[in-house]
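Q: Listed below are the residues making up each chain.
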Amino acid sequence: MKDEAQAACAAAADLAALEQVRVRYLGRQGLLRDITPALKTAPAEQRAELGRLANALKTALAEALAARRAALAAGAAGASGPRFDCSLPGRWHRPGTLHPVSRVIADTAAIFRTMGFTVADGPDVETGYHNFEALNTPPHHPSLDATDTFWLASGELLRTQTSPVQIRVMESRRPPVRVITPGRCYRRDTTDATHSANFHQIEGLVVDRDVSLADLKGTLAHFAHLMMGPRVKVRFRPHFFPFTEPSVEYDFSCHVCGGGGCRVCKDSGWIEIAGAGMVDPRVFMKVGYDPEEFTGFAFGMGVERMAMIKYGITDIRTLYENDVRFLEQFR
Amino acid sequence: MKVPIAWLRECVDFDATPGALAEALTMSGMEVEGIVAEKRAPDGVVAARIVAVTPHPDADRLRLCRVDDGRGEVEVVCGADNAAPGVTAPLARPGASLADGTVVRESAIRGRASAGMLCAEDELGLSDDHSGIMILPDGVRPGTPLAEVLGPPDTVLEVEVTWNRPDCLSIMGVAREVGAIFRRPVRRPDVSFAEEGGPAAALAAVRVEDPAGCPRYTARVLTGVRVAPSPWWLRRRLLQCGVRPINNVVDVTNYVLLECGHPLHAFDRERLEGRAVVVRRGRPGEIMATIDGARRKVEGLLVIADAAGPVAVAGVMGGMKSEIRPATSAVLIESARFHPPAIRAASSALGLSTESSYRFERGVDGEGVDWASRRAAALMLRTAGGSAARGVIDLYAGPPAPRRVTCRFARVRSLLGMEVPADEIVDILSALGMGVAGRTAAACEVVAPGYRPDIELEADLIEEVARLHGLDRVPAPMPACRVAPGGPDEQEARALDGLRADLAALGLSEIMNYSFVSADLLKTVPAGDPATRVELPNPVNRDQSVLRDSLLPQMAATVGRNVSRQSCDLGLFEIGRTFARKADGTTAEKTRVALGLLGRPARIGMPGRGAATGEETFLELKGLIEGLCVCRRLGPLQVESVAFPALEDGWAVALRAAGAVIGMAGLLREDIAREWRLPGPAGLAELDVAALLAGAFDVPVCRPVPLYPAVARDIALVVDESVTHARVLEAIAAGAPKELTQACLFDTFRSEGIGKDKKSLAYSLVYRAMDRTLTDEDANAYHEAVKNVLRKKLNAQIREG
Ligand SMILES: [Zn+2]
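First to last, the protein sequences are chains A and B.
If you're matching positions, the first sequence starts at 1 in our numbering and goes up one per residue.
If you're matching positions, the second sequence starts at 1001 in our numbering and goes up one per residue.
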């Protein structure tokens, strides 16, 4: 039966004839099906052997059918007359893209979620108390100036940082706290290649027992590895922020030159990312946390800056020009 | 701030190269932003002494100078007024190249040969001074190369001083840091000088009417001074620090300010009416002319006044009337401490920030007041001559109580996560100038010096330990993943990410516009409510003057801008906050999503040619929103025609889903589209994000899938043009049994054959029962019922076969 079937395959002149061969042998009422009841009645000792033979036969037939089908198809392609042009463009529905700022926020949030953080949010329009006073900003600090901050007629302001969200979180919960706060911020900067009056920040806050500067360093180093790759190094430099003490600025080793020095890092080997530090006890006292019982760290970074570093964007303004030829690169 | 390294070395010894010093300063908290090596003086320029000066026979403004250049006497032509016999000045010999690249040649000027050129400072690249030739110190041997006279080129560091460290806004402050880093002692310059004649109090009088605004005021008096340009070493230091030299009195006050950080002011004592000053608040209507030539209203500001009126804005800028001029012979040196808020108020009221106000605003050390005054007097005597009156007028309530702060060694360990030995802690704090008042096994108590107002709490001391012990020595262990409960924001953030992903999957690309919008754009594309709109009192510019209350105008503008860049197939979305004034005057925020559609952005593979029609774009947009409603589990979308100012009449709809209004959509008004030269209609929509996320937290509840086959029946009906698809669906629903599971429009058709104002609509209807297989008879009966209702309700003519 095997030889007979194979001969039938070879003789089939077109796909329709080949289909008839298939139905004759392998179809629901095909010849091979007839064997099945016979198998059931066969003596037990022969059944296994017969089953094996039947399966081998089926496989051989399927192979013969496939080979002939391929041969017929190839013959059809070579023949003359109107044929389907399989090089025509495929039809699909092009998905859109996410803005690089959104992507960085989502990537950052995903990384910090693996470290037990959750996202917290607050309003863009803030009170002076939450944006400055509760964060231990001295009342005569220049950042309060109308030249730096957008004050509204209502006495509210457009937040200059997402730190007020930290205050709102601490006002509403007891430690432990582990949050990140992505959001839009505003400063009265004149727009240029690296400044935008409207920008995004992601800040983080951890408050618990026995939280130390070493924990901050470890957390940010881990983040840096996940965000920029395993070779990136993190450097802390002392700095000043009213709401942290000690305060640091942190740098990532330059992603372009790897630390050897280049144009992007101005030959320093380091790229400044943002500020961080241990929460100032004066801030804890504002929100009713006992600084003897709890310590904590906070950090922040500019989202546009991260996006520029990560994607090689040289001018912050391109992020707000919304040129689709730019945006659609971010797939 | 600029720090010349040679100046720094006068105050502290260190071995580090400029690069290593910069690194050490950066890593201890004072970021060095630049290292600038000075240029060498040009070759071929030597010191030359002017022997004789005669007028040029053929030019009024030129003179002939016979100079000794070390090789002999040569004649040069010179136009400077200060070229006088006996003066030593730089001579550029033929062949020397000047700062601007010109090469000096032996030449004839108006018929007289000139064997080189006597140079001004700007020509040598030393400063921008072109008032006359540069004067070199007397006694320099003619022929000495200028590079040798000026000394080796210095290196200047540009450092960023953080807001909490006003004490570092000076060479001595930076030197203290350097001393602490390298554990080297810091030197202070000698401030001793001889006092002669009567007491200062007999030569001038001081009264302080506002002791809160001026906790300390001192005055010294010098008489018989000769005002002239400062010597080069002094001018050079000022130039290195970016301060313009004026004269040997004013330059000294600036020099001392740069050196120790304490701002001073020098008055011409003869021009102070009554030879007395009073520190008071400006009176109503008082106006004074400051040395920059501006007339300034000083009412309410802290001023220094004489009997006639204000002569200086305290701590900010001096007045024209009593400024030091060439004829000045008696000088009153003011060294004071002003209250930072008073200076800040004056500085911001006048819109004037000076080296002086910058430091007073941040706070100066009250204990440094007298030292700075002495230093200035000693230097002025050296540069301008004269004699100092005996003693000083010093109005001072006394030093503040010392600030004692305790540092527990265990707290250092727990806050830094690193062991710092107790000895090291004490050593660091001492190196920073803190007096150790006591020490136990567990803690030490220190007294903060007057110049460190930032040291208040234990944490402030721990920061000092951290930065001088070295932040690079703090370990960075793998983070301990402790879990803390999150709030509802976390759920919302995830839902918003889901919404973004849905919009992108539907073919839309995300854009981001500013939260500010221009008033002009709001006029062109009206949206939102002008009555509750929030305007910025102090916008950066006119185009960013209003907080947006709708995302639509910017979405429309983004479409227009992309078309101008020849991108004409656009599918865009933006998620952003909008702002509106509430009844109580405060600001409400609402997150919305805007959609923008032009052409056929998402269709790839023979997308079709020609502009999309209004119908095509509208239905595409509507389809996107329907798709979004499905993704967000909001059930079917309903639309209802509305009028909307930015949208074309007849093409604007309100959107409802899940029983709530979720937004609106339509086509941009044709006149706007034409003005912006859009190639076709632009679809715009704005939806409320809260409404879109309403179903985000529902969990889908599983229902059984049908077990029995469905029966499909098509139906074609001819109805009046006025009968809408929605009415047909309503009618079908009214006539159909519960077994009708789907009614789907698959064709519309118009022809003369079916009649004018008529259309043919073809639907595919699917019937299915959950509990049995439907028979043909069942299906026929259902279908007949539907046909009857359509005939009755819509006067439809059912087309058979
Ligand atoms: Zn680099």
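Treat the hints with care, as some may be off.
[Stated by the list, open to error] In the SDA-like style, the derived pairs of lysine to any residue whose C-alpha atoms are separated by at most 20 angstroms in a straight line are:
no. : chain 1 : residue 1 : chain 2 : residue 2
1   : B       : 1759      : B       : 1719
2   : B       : 1002      : B       : 1128
3   : B       : 1582      : A       : 151
4   : A       : 286       : B       : 1475
5   : B       : 1590      : A       : 199
6   : B       : 1582      : A       : 153
7   : A       : 233       : B       : 1473
8   : B       : 1582      : A       : 45
9   : A       : 286       : B       : 1719
10  : B       : 1793      : B       : 1743
11  : B       : 1590      : B       : 1514
12  : B       : 1590      : A       : 154
13  : B       : 1793      : B       : 1734
14  : A       : 286       : B       : 1457
15  : B       : 1039      : B       : 1234
16  : B       : 1787      : B       : 1797
17  : A       : 266       : B       : 1734
18  : A       : 233       : B       : 1457
19  : B       : 1002      : B       : 1039
20  : A       : 233       : B       : 1724
21  : B       : 1039      : B       : 1205
22  : A       : 266       : B       : 1035
23  : B       : 1756      : B       : 1716
24  : A       : 266       : B       : 1020
25  : B       : 1622      : B       : 1635
26  : A       : 310       : A       : 199
27  : A       : 266       : B       : 1111
28  : A       : 233       : A       : 199
29  : B       : 1759      : B       : 1797
30  : B       : 1002      : B       : 1354
31  : B       : 1297      : B       : 1278
32  : B       : 1787      : B       : 1770
33  : B       : 1792      : B       : 1775
34  : B       : 1590      : B       : 1490
35  : A       : 266       : B       : 1036
36  : A       : 58        : A       : 19
37  : A       : 233       : A       : 262
38  : B       : 1756      : B       : 1724
39  : B       : 1002      : B       : 1278
40  : B       : 1039      : B       : 1129
Calculated directly from the structure, the hints in this document are not laboratory data.
What you are looking at is a predicted structure, and each value in this text was computed from that prediction instead of being measured.
Q: Quick one, are residue 1002(B) and residue 1128(B) close enough, alpha carbons at most 20 angstroms?
A: holds, 18 angstroms
Q: Would the hint linking residue 286(A) and residue 1457(B) be met if the CA-CA limit is 20 angstroms?
A: Given pair residue 286(A), residue 1457(B) holds - Cα atoms ~15 angstroms apart, limit 20 angstroms.
Q: Does the alpha-carbon distance linking residue 58(A) and residue 19(A) stay inside the 20 angstroms limit?
A: With Cα atoms ~15 angstroms apart, residue 58(A) and residue 19(A) stay inside 20 angstroms; holds.
Q: Check the hint pairing residue 286(A) with residue 1719(B) against an upper bound of 20 angstroms on the C-alpha distance.
A: With Cα atoms ~72 angstroms apart, residue 286(A) and residue 1719(B) exceed 20 angstroms; violated.
Q: Can the restraint linking residue 1582(B) and residue 45(A) be considered satisfied, given a maximum Cα separation of 20 angstroms?
A: violated, 90 angstroms
Q: Check whether the Cα positions of residue 1622(B) and residue 1635(B) lie no farther apart than 20 angstroms.
A: Measuring from Cα to Cα gives roughly 14 angstroms; hence the hint holds.
Q: Is the Cα-Cα distance between residue 1590(B) and residue 199(A) 20 angstroms or less?
A: holds, 18 angstroms
Q: Is it true that the CA of residue 1002(B) sits at most 20 angstroms from the CA of residue 1354(B)?
A: It holds: about 15 angstroms lies between the C-alpha atoms, which stays within 20 angstroms.
Q: Tell me if the straight-line CA distance from residue 266(A) to residue 1036(B) falls inside 20 angstroms.
A: Measuring from Cα to Cα gives roughly 14 angstroms; hence the hint holds.
Q: Residue 266(A) and residue 1020(B) were given as a pair; does the straight-line alpha-carbon distance stay at or below 20 angstroms?
A: Status holds; Cα separation ~17 angstroms.
Q: Hint check: residue 266(A) vs residue 1035(B), CA-CA at most 20 angstroms. Holds or violated?
A: Satisfied, since the Cα-Cα distance of roughly 12 angstroms is no more than 20 angstroms.
Q: Please work out if residue 1582(B) and residue 153(A) have their alpha carbons no farther apart than 20 angstroms.
A: holds, 13 angstroms
Hints 4, 8, 9, 17, 18, 20, 21, 27, 28, 32, 33 and 39 from the earlier list are contradicted by this structure; the remaining hints agree with it.
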